[in-house]
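Next come the chains, spelled out residue by residue.
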Amino acid sequence: MRAVDALMECLKAEGVDVVFGLPGGANLPTYDAFYDAGIRHILVRHEAGGGHAAEGYAKASGKVGVSLGTSGPGATNLVTPICDAMMDSVPVVFITGQVRTELLGTDGFQEADTIGITMPIVKHSFMIQHPLEIPRTVHEAFHVARTGRPGPVVVDIPQDLSRADIPYEPVSDVHLPGYQPTIDGNQKQIRLAAKALANSRRPVIYAGGGVVGANAGPELTELGLADKFPVTCTVMGLGGFPAPHEQWLGMLGMHGTRAANYAIDEADLIVGIGARFDDRITGKLSEFAPRAKFIHIDIDPAEISKNVPAHIPIVGDAKNIIPRLTAEYRALAPDPARLEEWWSRIRTWQERHPLHYEDSTDGEIKPQYMIQALYQATEGDAIVTSDVGQHQMWTAQYYHFNQPRRWINSGGLGTMGFGLPAAMGAKVGCPDKTVVCVSGDGSVQMNMQELATCAQEDIAIKVFIMNNGYLGMVRQWQELFWDKRYSQVETGQWPDFVKVAEAYGATGMRFEDKNTLVSDMKEALATEGPVLVDVRVTREENTYPMIPAGKAARDMVG
Amino acid sequence: MGEPATKEVLSLDELEAVAGLRTGRKHILSILVENKPGVLTRIAGLFARRGFNIDTLAVGPTDDPTVSRVTLTLDGALHPIDQVTKQLHKLVNVLKIRDLEPEETLARELALFKVSTDGAGRAEVMQICEIFRAKIVDVTKRSVICEVTGTCDKVDAFERLVRPFGLIEMARTGEIAISRGRSET
Ligand SMILES: Cc1cc2nc3c(=O)[nH]c(=O)nc-3n(C[C@H](O)[C@H](O)[C@H](O)COP(=O)(O)OP(=O)(O)OC[C@H]3O[C@@H](n4cnc5c(N)ncnc54)[C@H](O)[C@@H]3O)c2cc1C
Ligand SMILES: Cc1ncc(C[n+]2csc(CCOP(=O)(O)OP(=O)(O)O)c2C)c(N)n1
Chain V
2 MRAVDALMEC LKAEGVDVVF GLPGGANLPT YDAFYDAGIR HILVRHEAGG GHAAEGYAKA
62 SGKVGVSLGT SGPGATNLVT PICDAMMDSV PVVFITGQVR TELLGTDGFQ EADTIGITMP
122 IVKHSFMIQH PLEIPRTVHE AFHVARTGRP GPVVVDIPQD LSRADIPYEP VSDVHLPGYQ
182 PTIDGNQKQI RLAAKALANS RRPVIYAGGG VVGANAGPEL TELGLADKFP VTCTVMGLGG
242 FPAPHEQWLG MLGMHGTRAA NYAIDEADLI VGIGARFDDR ITGKLSEFAP RAKFIHIDID
302 PAEISKNVPA HIPIVGDAKN IIPRLTAEYR ALAPDPARLE EWWSRIRTWQ ERHPLHYEDS
362 TDGEIKPQYM IQALYQATEG DAIVTSDVGQ HQMWTAQYYH FNQPRRWINS GGLGTMGFGL
422 PAAMGAKVGC PDKTVVCVSG DGSVQMNMQE LATCAQEDIA IKVFIMNNGY LGMVRQWQEL
482 FWDKRYSQVE TGQWPDFVKV AEAYGATGMR FEDKNTLVSD MKEALATEGP VLVDVRVTRE
542 ENTYPMIPAG KAARDMVG
Chain Z
580 MGEPATKEVL SLDELEAVAG LRTGRKHILS ILVENKPGVL TRIAGLFARR GFNIDTLAVG
640 PTDDPTVSRV TLTLDGALHP IDQVTKQLHK LVNVLKIRDL EPEETLAREL ALFKVSTDGA
700 GRAEVMQICE IFRAKIVDVT KRSVICEVTG TCDKVDAFER LVRPFGLIEM ARTGEIAISR
760 GRSET
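Protein chains in written order, with this note's numbering: chain V, 2 to 559; chain Z, 580 to 764.
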């Protein structure tokens, strides 16, 4: 059969039921195979939209996403989603077309060195050199993307090789001698960690995206409840522990709660699980958690002691390690009363510094209120994606995520334009769920073309634009740290989002009144098909609290 | 520190952090990689991206045609070596990494020196070669080429001695290394 037909068989064998892509010359053979392969192909309007959709699909469903583009510009359009997937450890296989082998290296038409361009931003990549390699390579790509620390894998297929006739036999194994992720945590280390926990008086569990990726939410919750451990999550870990909860401190980091950041600051023991001590968490590294010892559980050994030296490193899968840690801890039967003093301190912070904002007295919609209204309108039961900026942080703060895989955003790369296509992918992966995208008037325009895809494929996402007429997050920094010299941050009244929605074949709405916002949102959610809502909010509101860049938790403002 | 109701004692104060160690000495990493296109680029790219400086780099085949050996040296005063090796391990084509122990390692490099012998230095250069067991592999009226093998330090020493005669150019391979004794590197 043709190598591209073998490719289809491999995708099916990997359980792929949907891919996102856009054809061109170099992957014409692949698209010919899609014609009757029986795999759903969603035609996106920009490859970046397809790449982010594959990420949203992967994050919502837990399966590997697949995204395709042609050679040259198709592949370079995928660079941002590839990098995004790398930073946030999202399992996606990117299949790119390449020029014919005889043209390689000649600056052929639509030739780009895709493997070279993407090398620093992939977990791994494969350049097909012989058609017979295709089946095994596809399976290896899925294997690498899915296992260990998940991430993006690129498979680049020259056009002539994809047309070759090959004998196809299903491949059942992969051969990657240099790739053996550690899954099982070391028992001695786990025991040591349990003892340290039993002896700590001011512990904090700090969980990240790795817990969500590992599907270890329930295990994390059980560990937290094995004693009265205070739990906080990174932006990427939200939903790993059910919020709200009496042991939940809220998110930590730059825009985290004071309670979470102060607890980290005064802790004697921090248990980092599937979290990578990003600078948005640590702030000024030398002043980060100065009194604490660190237990660090991570599947990637290179994360251990990368930023913060670990006292008890445990390498392996959180899903494997957390229950064993819980069991070891329970066996020690420590006295829960030792944590009482700690809790009374935490409660003081929580009471003195709850998340707060000054609500409007007229009908003006405060951005924070918009998220609270969304929480009410969806009854807290939606998959929520976001773009990047103030609206992202407010959503993280005010929408209480009580389950993993409900909150999908771009944390590491912070990619504006992520939210709308990610919602599209999430909805395709979880068609029975309500899928909402909270975006900004700046971000949404970076991949708005995918509304056409949603209309054509009837992908009923509900996009709520928090419209402040600014690139709000940048405006905030200019206000606070650059003497309010607003330089190139005003987006004003353009475009008319309601008309844009209609032009794309979606429903457009505009909400401006706080008093009817919840019921208006319910109406939008109940409207069939894709909906784009322009929500007009206070223009110059700031996201607080905040640790200014390079400062420590104690320096929080707002 | 006997905490209430815990069966065994563990003081948090006793816990030592395992930070990325800066050893302060030269390290020789012997890396076995799959012999596939682009592998060297991946290694070089990783070093560039993470800001690790390679002092020397040598690549060659091994007894197994599907496997190549990359030997590289770097300065443990500048880089946390464990972070370097852990990042290298993440490359799917990297099969094995050894951070070679200096005392248990045979390291050699090959160097060619083109030395000017315009003056009366020829005899002296030849004498230095003899001491270093270097070979003269090319002679013209006005120059000689010396071939030296040895540890990096030995080659450095040779360079220092011949430089005053007029070093026209030199080429060095960077060290390759293998562990002493019967077992595999
Ligand atoms: C405008 C903006 C503001 C931000 N502000 C904040 C903020 O206030 N607070 C905040 O927290 N973040 C914030 N971020 C996000 C921040 O940049 C980082 O993306 C985030 O903190 C990283 O989250 P993480 O540590 O959970 O790591 P992730 O990037 O989610 O990494 C996951 C970790 O888990 C490990 N892992 C993966 N799978 C497993 C497994 N099976 N078992 C064990 N380990 C596993 C991985 O090796 C990795 O170390 C902000 C981003 C933006 C764009
Ligand atoms: C592609 C891209 N370009 C630039 C930035 C820098 N940036 C971060 S937040 C932000 C403003 C986003 O504005 P908007 O989407 O309107 O959201 P708001 O902050 O107003 O909620 C910008 C420009 C980015 N994160 N991504």
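Calculated from the structure, these hints are not laboratory results.
Check the hints yourself; a few may be wrong.
Claimed, not checked - Some but not every residue of chain Z turned toward chain V, in silico, with C-beta under 10 Å:
1. SER609
2. ARG621
3. ILE660
4. HIS668
5. VAL673
Glycine included, every Cβ here is placed at the ideal spot set by N, Cα and C.
key: Hints not upheld, ascending by number   = 1, 3
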